[in-house]
Amino acid sequence: ETGVTQSPTHLIKTRGQQVTLRCSSQSGHNTVSWYQQALGQGPQFIFQYYREEENGRGNFPPRFSGLQFPNYSSELNVNALELDDSALYLCASSLDRGLEKLFFGSGTQLSVL
Amino acid sequence: RKEVEQDPGPFNVPEGATVAFNCTYSNSASQSFFWYRQDCRKEPKLLMSVYSSGNEDGRFTAQLNRASQYISLLIRDSKLSDSATYLCVAGGSYQKVTFGTGTKLQVIP
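Top to bottom, those sequences are chains E and D.
The first sequence begins at 1 in my numbering and counts up one residue at a time.
The second sequence begins at 1 in my numbering and counts up one residue at a time.
By construction, these hints were calculated from the structure, which means they are not laboratory data.
One thing to keep in mind: the hints can contain errors.
[Stated by the list, open to error] Label-pair restraints from in silico Cβ distances:
(1) Asn59/E to Arg59/D: 17 to 23 Å
(2) Ser111/E to Glu56/D: 19 to 25 Å
(3) Asn55/D to Leu95/E: 20 to 26 Å
[Said to hold, decoys possible] With a Cα cut of at most 20 Å, we get these calculated DMTMM-like pairs of lysine to aspartate or glutamate:
(4) Lys13/E to Asp85/E
(5) Lys96/D to Glu82/E
(6) Lys2/D to Glu15/D
(7) Lys96/D to Glu56/D
(8) Lys42/D to Asp85/E
(9) Lys101/E to Glu15/D
Please read these numbers as outputs of a predicted model, since none were measured by experiment.
Ideal Cβ positions, reconstructed from N, Cα and C, are used throughout, including at glycine.
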């Protein structure tokens, strides 16, 4: 519906493992932002990529890293998973770093055991 | 103190009622404001932007009070389909937006 797809939809990992989440942006959108949403909380900004470069970062440790590719797909990588990393991870695509009209994917539900 | 604060609710209102949500933000440098709607464990979707002069979209009215640093959303003639969590958003710069924790609305038949 939004043209933004995320994979996988659900994932279970154990503490200490590494995970890669993927996002395919809406066609033509050169900006992607990643958010973490814990249960009962609002989405928390992780970082934003614009034309393949990190363009801003929230209060997340370096073990959260990302990549954006020329075709505007992107990845969120999390190393050394902790139990508190269990959350819904959302990517949002937009045009030219704009705040308006963030188009969200349906998210990846990550459970860390 | 959280950057964007909302009453989590839930607000339980009958169909046809008018309901209002408020949201406060702490960063006076915030320049852009939005309301998003999120259905249970689904992605947020933009409901409306909030402009200084206030704006209306059908049954929804958004207001911004910069002096008091709060944003409001008014929903008139509530429908069952309005049941959702409403997220207040403040943007301080183009690379970061801050979401509130959301206010849950349940419209009752």
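Against the structure, the hints come out as follows:
no.	hint	result
1	Asn59/E to Arg59/D: 17 to 23 Å	36 Å, violated
2	Ser111/E to Glu56/D: 19 to 25 Å	41 Å, violated
3	Asn55/D to Leu95/E: 20 to 26 Å	21 Å, holds
4	Lys13/E to Asp85/E	10 Å, holds
5	Lys96/D to Glu82/E	24 Å, violated
6	Lys2/D to Glu15/D	32 Å, violated
7	Lys96/D to Glu56/D	25 Å, violated
8	Lys42/D to Asp85/E	18 Å, holds
9	Lys101/E to Glu15/D	29 Å, violated
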